[in-house]
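These protein sequence lines map, in sequence, to chains A and B. Under the working numbering, think of the first position of the first sequence as 1, with each following residue one higher. Under the working numbering, think of the first position of the second sequence as 1, with each following residue one higher.
No lab work stands behind these hints: they were computed from the structure. Just to be clear, a hint being listed does not mean it is correct.
Said to hold, decoys possible - Partial pick of chain A residues on the chain B-facing surface, computed with a CB cut under 8 Å: (1) L14; (2) L25; (3) A34; (4) V40; (5) L44; (6) L52.
Here the structure is a predicted model, which is why all the values come from computation and not from measurement. Glycine included, each C-beta is placed from N, C-alpha and C at the ideal position.
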Amino acid sequence: MTYSQRLIPNEQDLARMLERAGMNLSRADLEAIASSFPAVSAQLERLYSYDLSRETYPFRGIFPEELQ
Amino acid sequence: MSTDDLCYLTINEAASLIRDGKLSPVELTEAHIERIDRLDPKVNAYVTRLDEGAMADARAAESEIRGGRYRGPLHGIPVSFKDLYDTAGTRTTGQSKVFAERVPTQDSATVARMKEAGAVSLGKVALAEFGLGGSPTSLFETPSNPWNLNYSPGGSSSGSGAALAAGLCMGSFGTDTGGSLRNPGHCSGIVGLKPTMGRVSRFGVIPCSWSLDTVGPMARTVGDVASLLQIVAGHDPNDPTSAHVPVPDYAATLGDGIAGMRIGIPRDYFFNTELGADTEVIERAERAIAVLQELGASLEEVSIPSVQDARSSHMVIMHAEAFAYHREFLRDHAEDYGPVRLRFWLGALYTAEDYLQASLFRQRMVREVDEILEHVDVIVTPTMPRPAPSGGASSPFGTLMGLNFLAPFNLTGSPAVSVPCGFTAAGLPVGLQVAGRRFDEATVLRVANAYADATAWKGMHPSL
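Using the sequences plus the hints, can you model the full thing?
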């Protein structure tokens with residue numbers, strides 16, 4: 001998957017997603033969250049710019065050996 | 001010795017006096033309670049005080065020690081706990097109205113081990129709501145920085161940093177999901193250690209982000225942090241992420257010095273004022289590195305190639321995991337959250353692909369840091385790019401973008417400590433971060449201790 005295929009976050013996406021989870025946000029809260037979307041989009045764009053095919057298992061080396 | 005002098009003893013100094021019968025745990029605890037009465041209204045570090053319990057613990061400690069049953073260096077020492085640590089019979093709120101009436105029936109592993117060691121709990125201290133939000137929170141006041149009450153003491157373990165700097169406890173326990181032990185270390189001029197993931201049990205600590213959360217000690221000196229870590233480190237069957245790794249004697253190597261040690265300096269990112277780091281902070285860190293060199297360490301320029309995007313990976317993982325934990329509470333009690341609810345809701349936006357991409361990036365970060373630590377013993381950086389921020393309301397989203405010196409070592413699970421390395425011209429503390437190999441807290445503490453012993457910062461306290 002590349003960033004261009006990733007659905008760029010928007011206010012309506014978030015409202016629909018949270019409504020399905022039983023959460024109805026106020027207009028003010030939605031607008032406040034939406035103010036962070038440019039930063040979130042920029043972060044995702046950076047993350048999807050990496051070829052991470054060499055990284056095979058997400059938690060190797062982070063958690064104790066017996067959990068891997 | 002005056003009350004104030006008693007409260008600024010180190011744990012290890014007080015322990016020697018208590019062991020030798022020259023200082024009573026009752027006198028020490030009374031001194032702290034009197035100081036909290038006098039100064040905490042300015043600092044707002046404590047959210048729940050346990051004066052009666054503390055005095056009972058102190059009297060019990062005194063009686064045991066007089067009876068020849070000295071338990072060790074934490075016996076009779078007054079400490080505090082971030083209000084995420086479960087305390088049996090005492091409310092544990094996460095500084096949120098959501099948990100305002102929550103009273104655990106069992107102690108967290110850290111609280112239990114500290115009780116077993118004979119420590120005296122003065123109470124629960126403040127934090128950013130659930131360890132993630134900024135200011136304000138939905139419950140209790142936000143603490144102030146004892147060095148300048150108009151500034152933040154750092155967070156999220158804000159009450160721990162403020163209480164230690166103000167002499168309102170001798171040790172404290174916080175948590176670190178994205179830097180919350182080291183950030184108050186930097187901002188409040190104290191020592192905060194994020195141990196290796198798995199080194200200290202997380203049992204009974206309200207989670208923020210299960211794969212990033214780490215719990216650990218804070219104190220005014222590196223030696224005191226080592227003493228606290230000694231008590232709480234080690235495997236705990238109640239925490240499935242707790243590691244079966246032997247715990248060394250931290251005090252045994254703390255004073256060994258750093259002659260011949262190899263220190264990696266990643267100047268390209270962590271010392272780069274062109275990326276936005278504060279010139280005063282960088283200058284203090286450079287001076288500290290010169291001291292490490294004078295102490296016999298060899299310096300090596302290193303680079304963590306992908307570090308500039310560690311924050312992006314960290315944000316995806318942390319917000320997604322925090323939303324997963326808070327989902328039901330948000331559905332049923334959204335009105336009880338402060339502005340932190342906005343950050344939790346943000347976590348709903350990430351897809352499984354985002355989370356996995358971030359997790360694979362995390363693995364890349366582990367590989368890059370491990371490769372560096374194959375040929376240097378520790379990595380040294382400034383703890384934060386800038387001094388403490390001003391107090392008052394802050395953005396509920398924190399700093400989503402920009403320089404971040406803390407999150408890389410949450411991603412890698414590495415041990416990292418912040419030790420004071422000076423002050424800005426405005427009088428705000430600055431911290432030096434020392435990060436090392438997983439489960440090698442001993443080397444990280446040894447470097448921090450060598451630096452602290454060679455400089456005068458640890459003896460400085462704010463006037464309140």
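**Q.** L52 of chain A as an interface hint toward chain B, with CB separation required under 8 Å
**A.** Result: holds, 4 Å to nearest chain B Cβ.
Q | Restraint check, 8 Å cut-off on beta carbons, for V40 of chain A near chain B | A | holds, 7 Å
Q. Hint check: is the beta carbon of L25 of chain A less than 8 Å from a beta carbon of chain B?
A. holds, 7 Å
Q.
Is the interface hint satisfied for L44 of chain A? The criterion is a beta-carbon contact with chain B at less than 8 Å.
A. With Cβ-Cβ at 6 Å, under 8 Å, it holds.
Q.
Take the shortest C-beta to C-beta distance between L14 of chain A and chain B; is it under 8 Å?
A. holds, 5 Å
Q) Does A34 of chain A meet its interface restraint, that is, does its C-beta lie within less than 8 Å of any C-beta in chain B? A) violated, 10 Å
Going down the numbered hints, you'll see the structure goes against just number 3.
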